[in-house]
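Novice: Okay, so the sequence shown: first residue is 275 according to the numbering used here, each after it adds one.
Don't take each hint at face value.
Restraint-style ranges between C-beta atoms, simulated for each label pair [as the list claims (entries may be wrong)]: (1) Q507 - L780: 29 to 37 Å; (2) Q507 - A357: 26 to 34 Å; (3) V487 - T427: 20 to 28 Å.
The calculated lysine-lysine pairs, modelled on BS3-like cross-linking and capped at a C-alpha distance of 27 Å, are [to be verified]: (4) K553 - K532; (5) K542 - K531; (6) K767 - K553; (7) K712 - K724; (8) K457 - K481; (9) K481 - K382; (10) K724 - K705; (11) K724 - K714; (12) K628 - K677; (13) K432 - K481; (14) K677 - K705; (15) K553 - K531; (16) K537 - K553; (17) K724 - K686; (18) K677 - K714; (19) K369 - K457; (20) K686 - K767.
Hints are computed from structural coordinates only; laboratory data are not their basis.
Backbone N, C-alpha and C define an ideal beta-carbon position, used for all residues, glycine too.
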Amino acid sequence: MTDNRNTILAVILSGLVLIAWQYFYNVPAMEKQRAQQQAQAELQKANPQPTASATPGATPQAGSTSTPTAAPGANQPAQPVVAREAAIAASPRVKIDTPRLAGSISLKGGRIDDLALLQFRETVDPQSPPIILYSPSGTAEPYYAEFGWVPATGVTSKLPDAQTVWQQDGSGSLTPTTPVVLKWDNGEGLSFRRTISVDDHYLFSIKDDVSNVGNAPVTLYPFALISRHGTPQVSGYYILHEGLIGYLDGLQEYAYKKIDEAKSVSFKATNGWLGMTDKYWASALLPDTSAQLQAKFSSNLTGNVHTYQTDYLLDPVTVAIGGTATANARLFAGAKEAGVVGVFPFAGLGGYNKALGLNHFDLLIDWGWFYFITKPMFLGLDFFYRFFGNFGISILLVTVIVKLLFFPLANKSYASMAKMKSVQPQLQALKERYPDDKVKQQQEMMEIYKKEKINPVAGCLPVVIQIPVFFSLYKVLFVTIEMRHAPFFGWIKDLSSPDPTNLFTLFGLLHYDPTALPMFGHYLHLGIWPLIMGVTMWFQMKLNPTPPDPTQQVIFNWMPVIFTFMLAGFPAGLVIYWAWNNTLSVLQQSFIMRRNGVKVELFDNLKATFARKAT
275 MTDNRNTILA VILSGLVLIA WQYFYNVPAM EKQRAQQQAQ AELQKANPQP TASATPGATP
335 QAGSTSTPTA APGANQPAQP VVAREAAIAA SPRVKIDTPR LAGSISLKGG RIDDLALLQF
395 RETVDPQSPP IILYSPSGTA EPYYAEFGWV PATGVTSKLP DAQTVWQQDG SGSLTPTTPV
455 VLKWDNGEGL SFRRTISVDD HYLFSIKDDV SNVGNAPVTL YPFALISRHG TPQVSGYYIL
515 HEGLIGYLDG LQEYAYKKID EAKSVSFKAT NGWLGMTDKY WASALLPDTS AQLQAKFSSN
575 LTGNVHTYQT DYLLDPVTVA IGGTATANAR LFAGAKEAGV VGVFPFAGLG GYNKALGLNH
635 FDLLIDWGWF YFITKPMFLG LDFFYRFFGN FGISILLVTV IVKLLFFPLA NKSYASMAKM
695 KSVQPQLQAL KERYPDDKVK QQQEMMEIYK KEKINPVAGC LPVVIQIPVF FSLYKVLFVT
755 IEMRHAPFFG WIKDLSSPDP TNLFTLFGLL HYDPTALPMF GHYLHLGIWP LIMGVTMWFQ
815 MKLNPTPPDP TQQVIFNWMP VIFTFMLAGF PAGLVIYWAW NNTLSVLQQS FIMRRNGVKV
875 ELFDNLKATF ARKAT
């Protein structure tokens, strides 16, 4: 039956794609991630972490006033790894206290190197520790932002560096309403003043002033950098970028391995930003949109430890005798929340992208090549979330809307399939009339299709329509922090993670981990929602008459089982979508078949299946 063959072909192709992705990429990626995490842990135990920062920015072109000569913190000695709490306690600090951030600024070096995200926890347990973003040098995973000045060639004045101990002007913590002022005098006629403020989300503003009371003008370059020591643990998925990122005359993305190979990449740009991104968190430098940037991505190897850095230099400024120069910088350090970053195009919801006039800062969230599908999918889910407060309900409602949008196309598809069922007796007669002439069979078959206005590939369309929707929803569930730890109902506490229940442990009665078994362990996690999805897919298969060909019967019978095991490891939100979509498809196809005068054989096929088993 041609309609069954087309449907089977579409399902098999989709299944092969999913199986290949799961077997050749997902499983090896997870194994690679485990090995990398173990190796990194051993490496951190065996090797001390460097405290140096590399030279920020690129060397200016000929014709500029002068060129920078030294880097802040360069040639600093390595030190043994210490606990994060001990490293924080080792230097005087100014506390950071905001509704979303907790941490401190180190007065030694003036770095922002201690940040925790209070509204995000390591697990779904609200009492679990908050996410740690920044950590000081000397710890297992140093990660920090640094700002200041680089001397031009010939300038010998002492400038603040990583070892400089600043003095706080006044006392108190850094809060959204109380900025912090740091001071330092080099004793040679230059005095430095740094004002740091923070908003109620994740944006730091840094204003650096330098006053010259010496006996000669001084030329300096303002700089800013983000440094990260040690190769970070990444998810390892092709569809997600984790590493160095920036919008510098176009989107620039360098994975850690890629920048290790390139060593250093320089850019010149205006209205740019740059930083480092994880799956859900990011740190980015946001210079003034009119500033001419000499930006750089780099990777430096000290011993066996890589140090990754994104930095920029601004145009040089000359501080006249008795004069003052000012440099402004901004730092984003926090969660990649869509409303904060600036994904929404609506008035008042533009986030930093609109408020600061940034250049595509919304691309800090990895929407992928098909962002024109992925972003609308997220906007639709977020719209319903604002009404119902549950992303699971949002998935159900968006699925209904997608079904309505594609109803005319699906209507034609199912109607064509219904007509094909009605002409099956004619097609069977052709096979009996021309049993040995396949060419004649095809010619007569096409005449029947033409006469009855039947599209022989109509059976593929419902499955083909699902593919971009499936992918965009998978991408949204995978990359957006709004889906992280987002509950549904009952046992589903995180829509972005697989269903936590497992048939092979009798849903918790047996206390062992079947997924630890070699080779096939990954497929021995089968939760309740994947089982529901498999049943709905089985119903959808049974909606059509049983194929006369034994091979087709086997495919129809086993396809729901195969898909059940394949999708068991996917995010629960995606499995819920697929189950709900199958249910709607059964209802939709049944309605269209009745309207076209074709018998709905779902219950007859189900009875026949169980009758055969009983016999």
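Novice: Under the constraints set out in the numbered hints, which ones does this structure not fulfil?
Specialist: 2, 12, 14, 18 and 20
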